[in-house]
Amino acid sequence: MSADFSFKSTYAPAPVRRYNVGDKVTVKRAFPPGHRRTPQYIRGKQGVIERICGAYPNPEELAYGFDGKPEKVLYRVRFAQSHVWPGYAGPANDVIEMEVYEHWLEPVKG
Amino acid sequence: MTNPTHDYYARSHHDHDHAHDHDHDDHKVPNPANEHDNGPPGEYEIMSRAMQELLEQKGLITAEQVAKRMEQFDEEFPYRGAQIVARAWTDPAYKQRLLDDGRAACAEAGVMLEAERLIAVENTPAVHNVIVCTLCSCYPRSLLGMPPTWYKSRNYRSRVVFEPRTVLREFGTVLPDSVTVRVHDSNADMRYLVVPMRPAGTDGWSIERLAGLISRDMLVGVTVPKLPA
Amino acid sequence: MSDTTKLPSDIGGEHAGPVDTLDHGMRHWERQANAFRSVVQMTKLTCTDELRRAAEELGSRYKDMEYFEITTSAMRTVLLEKGVFTEQELQAKMAEVRARFNVPDEMESPVKKGASMVQK
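Protein chains in written order, with my numbering: chain A, 1 to 110; chain B, 1001 to 1229; chain C, 2001 to 2120.
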């Protein structure tokens, strides 16, 4: 028994994916029961793909003892604080970023 | 025999109902020494110990493994992050590799992270980074050790996302509006390391000496390194 | 509608008091609980996501519990679910551990010593 040193890189490959860096996306405004890694405060908010982390077992399945397959693509998304929090007190260029799985994202038209 | 009670434990301990008065307040010491806890054990302490022993009996784990982990968390993991950052301060090409792929760059420096996929983010004169996990307390433990009490607290987790500048001020870190504050909610599978700015006046310093300027809080982004006055 | 499905752990954006910026360290039992959890995860008996889910299922109890109380409770839930031990086994072992604390000088309690030095 030892720690998992089987992967060398921070990033996993995700050749098949829906979004690329710079794409505008909206986080789904949905409230399904159960284990979710998308905080409620970011649901319905629009942001921009900051980087692609790779494809990983779906944590919403792992949480219940399943294997998380098929893997889901994980992105980091950047949001303007002034958009996420109406009445945000800081300057307009402040941002918040977080990881969002592909099935929680929708494309922004236009 | 010393009494290692510290404020936090004394306070929470007094909230419990128990038969004996142990008079903790007379023995407060400032450091959170943790060789022993005082007072009768809580229910979760007994539960955790019982689960460990059950798994030992079933041959799934050993007491030695748990003891070894305690040692690593105490003596090994908390000292790794400062070494990585000090190295990045002295070697721009290494810093770039750290920012490009945190896990690979740590391995290159002989720091084998465990489960962590590490994203390093750099503070600059224009951008200040701060890390939180609002949903639990995700943290790069094999790089920084255990998260501090405040990182796990409700007040930090709930507030730093929507009023980061106010929270940073509570840590004594005041940022002008010209600096972009970039909050990272470590909510899923990545873990985060802030690479602070190297203080001016440290030209020619060794990695060891630079590492001495770096505290854990700086690597989460709530404080910034400064030269001692 | 969001309130009915909001998990007790999902607290980002809530108003709360000032941050106590001092690190209070960890009590001995918390160090044991942390190391134990870490070893169990290395055995692949469970994973972070399962423990998170079991913590969230604490519901309204979550906000009144300390961090390692939450993680310990989650570990119990998951190990029971997986049949690693039964509730009866756990209760019996907890009674045994509890009895071990009942020595005249609590500082001499064997349970308080290092994790590897438990007298069996």
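Heads up, some of the hints might be wrong.
[Stated by the list, open to error] Under 8 Å between C-beta atoms, here's a sample of chain B residues computed to sit facing chain A:
#	residue
1	1099
2	1102
3	1162
[What the hints assert, rightly or not] With a cut-off of at most 27 Å between alpha-carbon atoms, the simulated DSSO-like pairs for lysine-lysine come out as follows:
#	chain 1	residue 1	chain 2	residue 2
4	C	2093	A	69
5	B	1068	C	2006
6	B	1058	C	2006
[What the hints assert, rightly or not] A few chain C positions that, by computed beta-carbon distances, are all more than 10 Å from chain A:
#	residue
7	2012
8	2013
9	2020
10	2087
Hint data in this document are derived by calculation from the structure and do not stem from the laboratory.
Heads up, the beta-carbon is just placed ideally off N, CA and C, and yes, glycines get one too.
Against the earlier hints, flag every one the structure doesn't satisfy and list their numbers going up.
Of the numbered hints, 1, 4, 5, 6, 7, 8 do not hold.
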